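Below, each chain spelled out in residue letters.
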Amino acid sequence: MMLRSVVSSKLPQISRLSLRVPAIQYSAAASIPAPNTQPEVHFNKIFINNEWHDAVSKKTFPTVNPSTAEVICQVAEGDKADVDKAVKAAKQAFRLGSPWRRMDASHRGLLLNRLADLIERDSAYLAALETLDNGKPYALSYSVDLSVVVKCLRYYAGWADKNHGKTIPIDGDYFCYTRHEPVGVCGQIIPWNFPLLMQAWKLGPALATGNTVVMKVAEQTPLTALYVASLIKEAGFPEGVVNIVPGYGHTAGAAISSHMDIDKVAFTGSTEVGQLIQQAASRNLKKVTLELGGKSPNIILSDANLEDAVEQAHSAVFFNQGQVCCAGSRTYVQEDVYNEFVERSVERAKKRVVGDPFSLQTEQGPQVDEDQFKKVLGYINAGKRDGAKLMCGGGVAADRGYFIQPTIFGEVKDNMTIAREEIFGPVMQILKFKTLEEVIERGNDTQYGLAAAVFTRDIDKAHYISAALRAGTVWVNCYNVCGVQAPFGGYKASGNGREFGEYGLEAYTEVKTVTIKVPPKPTGS
Amino acid sequence: MSLTPGLYTQEGTQSPNQKSSGKISGQIAIDNRGTMTSSKIELPGEVKSDPAALMASLQLMPSPVPDLEIKYTKIFINNEWQTSVSGRTFPVYNPSNGEKICHVQEAEKADTDKAVQAARLAFTLGSVWRRMDASERGRLLDKLADLVERDRTILATLESVNGGKPFLQAFYVDLQGVIKTLRYFAGWADKIHGMTIPVDGDYFTFTKHEPIGVCGQIIPWNFPLLMMAWKIAPALCCGNTVVIKPAEQTPLSSLYMGALIKEAGFPPGVVNILPGYGPTAGAAIAFHMGIDKVAFTGSTEVGKLIQEAAGRSNLKRVTLELGGKSPNIIFADADLDYAVEQAHQGVFFNQGQCCTAGSRVFVEESIYDEFVRKSVERAKRRIVGNPFDPTTEQGPQIDKEQYSKILALIQSGISEGAKLECGGKALGRKGFYIEPTVFSNVKDEMRIAKEEIFGPVQQILKFKTMDEAIERANSTEYGLVAAVFTRDINKAMTVSAAMHAGTVWINCYNALNVQSPFGGFKMSGNGREMGEYGLREYSEVKTITMKIHQKNS
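If you're matching them up, the sequences are chains Z and X in order. Letter by letter, the first sequence follows residues 1 to 525 in the numbering used here. Letter by letter, the second sequence follows residues 1 to 553 in the numbering used here.
Since the hints were derived computationally from the structure, they do not count as laboratory data. As the structure is a prediction and not an experimental result, all values here were calculated from the model. Some hints could be false.
To be verified - Stretch-level coverage of chain Z by chain X, calculated; a stretch enters the list once three of its residues show a Cβ under 8 Å from a Cβ in chain X:
1) 105 to 115
2) 156 to 162
Claimed, not checked - One side only, chain Z facing chain X, incomplete, derived with CB under 10 Å:
3) Gln485
4) Lys492
5) Gly501
6) Glu502
7) Val518
Each residue gets a CB set at the ideal place from its N, CA and C atoms; glycine is no exception.
Pulled out of the complex, with its shape left as it was, chain Z reads as follows:
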C-alpha cells in the first residue's frame, strides 16, 4: 500500500483512471501542459450558418464557474426563434444538390479528421476552458476528455466512406439494392457532464453519415462547444451543416424536440427529460435516440483480486465527481469479503484529493452547479434517514464552490432511495449479497439498464453474469472502458439506440431500398 500511495500521489489523475487513453499508457503526467487557469472566452453567441448571432430576443444567461460560484460570462440565450433560424440553415445545407450533399463521403471524413487536428492543436486551451466551466480536474479534461474527443472524431472520419448499403437477391426479375442515406436535420441535445465529449459523440456519427445538425448545449457548460464551433468553421464544413444554440431545455430544447422540420433528435441526459423528448417527438414522429440515466450494479465476487476491485469500484463511482451516467453506484459485494471491501474502500475514499480542479494533484472538483450540489446533499441525507451506515464523507468539502466530500454508505438496502435513484454525485453505496442468483436478480431489479460490471477470476461466473445482466454494456474485471469502437447505450429506461462503434451509424442512417425491374435473368446467375 505504501508504494501504491506514492505512485498515487505522483500520478493521481493517471493511476486511477479506467477510461483507456493512450496518454495514460505512456507517461502522461509529463505530457500534460501547465494549465492556463484563466482561459479567455472567445465565443459566447449562437452559431448558425458558420456565423455568430445574438439571440433573437437579445436575452443572455450567465455561465458560472462551479469552483467559485462566480459568473464567467454571459452567453446568448437561444430559444424557439433561434432554433427556427438554425433549423432553416440546417435544412438549407441539406437540400438536394447542396455542397454538403454532393460532397464525396471520403471528403466528409477528411473534414472530420481536420476538425480532430484542430481540436488536438487547441487541446490545452479547450481542456482549461472545460475545467473552468464544468469544474472537472484539468488533468482529466486534458488526458481523458480531449483525448477521447479526438479519437472519436477520427474514428467516425474513417466510417464516412464505409457505410455500405447492400445489393439483395430478391425473388423475381428485379435488381434490388439499398442506399444508406443521411436522415436529414438532426437535433442533438447534450448534457453538462462531458460537454466536449458528448458533442463529439453526437457530431462524429451525424456528420460522417452526411446529416446536418442543430445542437443545443447545456446551459451550465456552453463555452467549449462554442469554441469547437469556430473550429468547425475553420475545418471547412459548409455553412449550415452544424448549428449550435446555447440555451435552456424547456425553451430551446423543447423547440428542437417538437420541431416539425427536424428529422431526428438525439438526447443525452436524465430519464425524466428523455420521456418528455420522446413525447414531443411524436408530433412529427421524428426518430429518437436517448442515452439516459443509470443505477449500474458493480458486482464483486469473493474470488476477485480485491485490491484491484476496490480501486476500480472507487473510480467507477467517483470518476468525474460522480457525474457519470454509467457510474457504478450500486456496488454489490459478496458476503465473505464485504467487511474488508468496505474498509478498504473507505480508506481509499478518504485519500481522494478534492480541491482546485486546476491543480494537477486534484482528483475531484466541484459538482457542476448549485442545483446538483443541493440534490446530491439531499440524497446523502436520505441515505442517513433511511438507515444506511455513513462510513465517510457526507458533507460539504469547501466553504465556497460546490465541493462535496467523497461519501460512502455501507449496509445499504435495495429499497433505500440511494439504492434506487441516480445520485450523480460522489456517493458510493455498498450492498451485500450471498449467491450469484440473488445478485443477478437484485442487480437487474431497477428501471435502468445502462451498464454493469462483474469482478471475478472465474471464467464461468464471468460469462454467466455478463449474459444475465440486463444492461447495454457489461464490463468484466474493469469499469468505464468506453472504446470509441464499441457501442454504448441502454436497456429499459436507460434509453434507446446505441452510440459509438459501427452501431452508432444506424441512428443517423435512413435505409432506402431501390428495386429496378430488369429483363429476365440469364440462366445460371
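Once you have looked at the hints, place chain X on chain Z.
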C-alpha cells in the same frame, strides 16, 4: 546522380514542393474527386487557346522537381538501408530517352531471407507492432499519407522519370490514388470486426480477425507507387508485416516510400523493400517457408508460377491480380462522342499499360463506321511526347522489351488481316515511344483480339445483337473488367449481369475507387483488392469457442 528534365524551362523554376492549390481541381483525373485512374485526361481548368493564357494557367500547375537527386537506391530492411549480400547492383533507366538513371542494390534470395527474418521478428507475439492499438496502426497510415502529400511532387517526378508516365498524370492520378488508398485503409484499422456467434449448445463462440503474418508482395511497373499503396495499406491496416518487391524497372519511388515509412514511425521490420528481379527475389518470396501470404500483381503467366510456388512450399495464401483482355461494349443508343472518348481513354490511358485496358471495343453494327472514324480522329490527336511536357497525353512504353513486344503484336494484326486505321509504328525518336494505333475489322480469333498487348493499340470489333456481344465478350480466358455504353437501363442491367468479369462499368471506364473491390474472374486472378473485401485477403479468421456453464439468449 541527377535527372535533367529535357523539356522543362520556365516551369522548372517553381518550388519543388509546390502543392496542388485549390485551383488545380479540374479534370486531369476523371474528376478531382478521387477516381483512381483516368478515362478522361484533360488539363486542369478550361482549355486555353491563347498561348499566353495557357502559359499563365500552367503556372498554377505543379511541375516536376528539376535535377532531382536520387537518394534511395538500397535495400530497405528493418528501417535501415542495406547493400545486397551478393554486392550486385542493377541499372535503372529513364524510358523517355533510354538513359541510365542510377544503379540500385540487387536483392536476391539471401536478401529476401534477411527481410523475412526482420518481418518475422516484427510480427513476434508481444512485439511493438502486435501490441499496438488498431487505431494507432490507422494513425500511422494516416501519417504516411500526410508525408506522401508533402512529397507529392518529388514522388510524381520519380514516377514520371522512372516509369515514363506523364508527370501531371502521375501527380493527379497516381499520387492522388496513393494518398486516398492510405487514408481509406487508415480508417479501417479499428473497424475490422469479428463476430460473436450463437452456436448450438452451452458454448460461447466468437471470431477474431487476426493478421496473417508476413506478407510477400510483388508489384508491377505500370503503377509503381499506386500498386505499392494497394498492397501495403490493407496489409498494414490488418496488422501484418510486409516484404515487398517492386519491379526491377521501377524501384525508385518504392524506395523513397521506404524513407517515408520510417519517418511516419512504423516499427523496424514492419515493411521491408527488396528491389530485384522476378526469377531471383520474386521466386524467393513465392517459395519462402517463412512467408505466410503472397500477393502478386502482374502477368497471368507469372501468376501461375507464383501459385505453383506457393503450393510447392508452404501453402501460403495467394492473391493474384493478373492480366485482362477487357471488352468494352458500345451500343448504338449510347452518347457516341462520349463513348468514343471513354473507349479511347479506356485503352490508351497510361500508354496502354493497364491490366484493365478496354482492348476489345465491341461496337454495334449501325454505328460502327462512325465510331471507327471518330476513334481514329481522336487517336491522331493524341499528344505523344516528353512526360514532363504538361500537354503530353502519352509517354514512352516502359522498356525495350515491352516496346518490341507491342510492335510485334501490331505486325501480327496487320498480317492477320485487321485494318490498320492509324499509327502502327515507333515514333522515330529516342526512347520507347509508339504511335497511338487503331485497328478496325478485327476478328475474335486474331492474336490482337486474344492476347494482352499492354500498349497503345485499340481493337475495334463489330457486333449485331446483344446476345452475340455478350457471348463474344465472355469468350476469353480473362475476366478482369468489362464495360457497356448504352442509355437503355435494361441493356445495361442485362450486360452487366452477364459479364464474367470482376468489375463492370456502365457508361464509364476505369472508374476505380478505393472504396470498391477490384479483382478478376477466371485467369485474371483471384481475390479482391480495395474496399472492405480487400481486408479479407489480409486476415485470418480465428474461431474461439469456450465451454460455458449455462447458455442464455
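Each hint tested on the structure:
1. 105 to 115: holds (count 6)
2. 156 to 162: Coverage by chain X holds here, the residue count being 6 at a Cβ distance below 8 Å.
3. Gln485: Hint holds; Gln485 of chain Z Cβ to chain X Cβ min 5 Å, cut 10 Å.
4. Lys492: violated, 17 Å
5. Gly501: holds, 9 Å
6. Glu502: With a minimum Cβ separation of about 7 Å from chain X (threshold 10 Å), the hint on Glu502 of chain Z holds.
7. Val518: Since the shortest Cβ distance to chain X is 4 Å, the answer is holds.
This entry does not satisfy hint 4, going by the numbered hints stated previously; all others are met.
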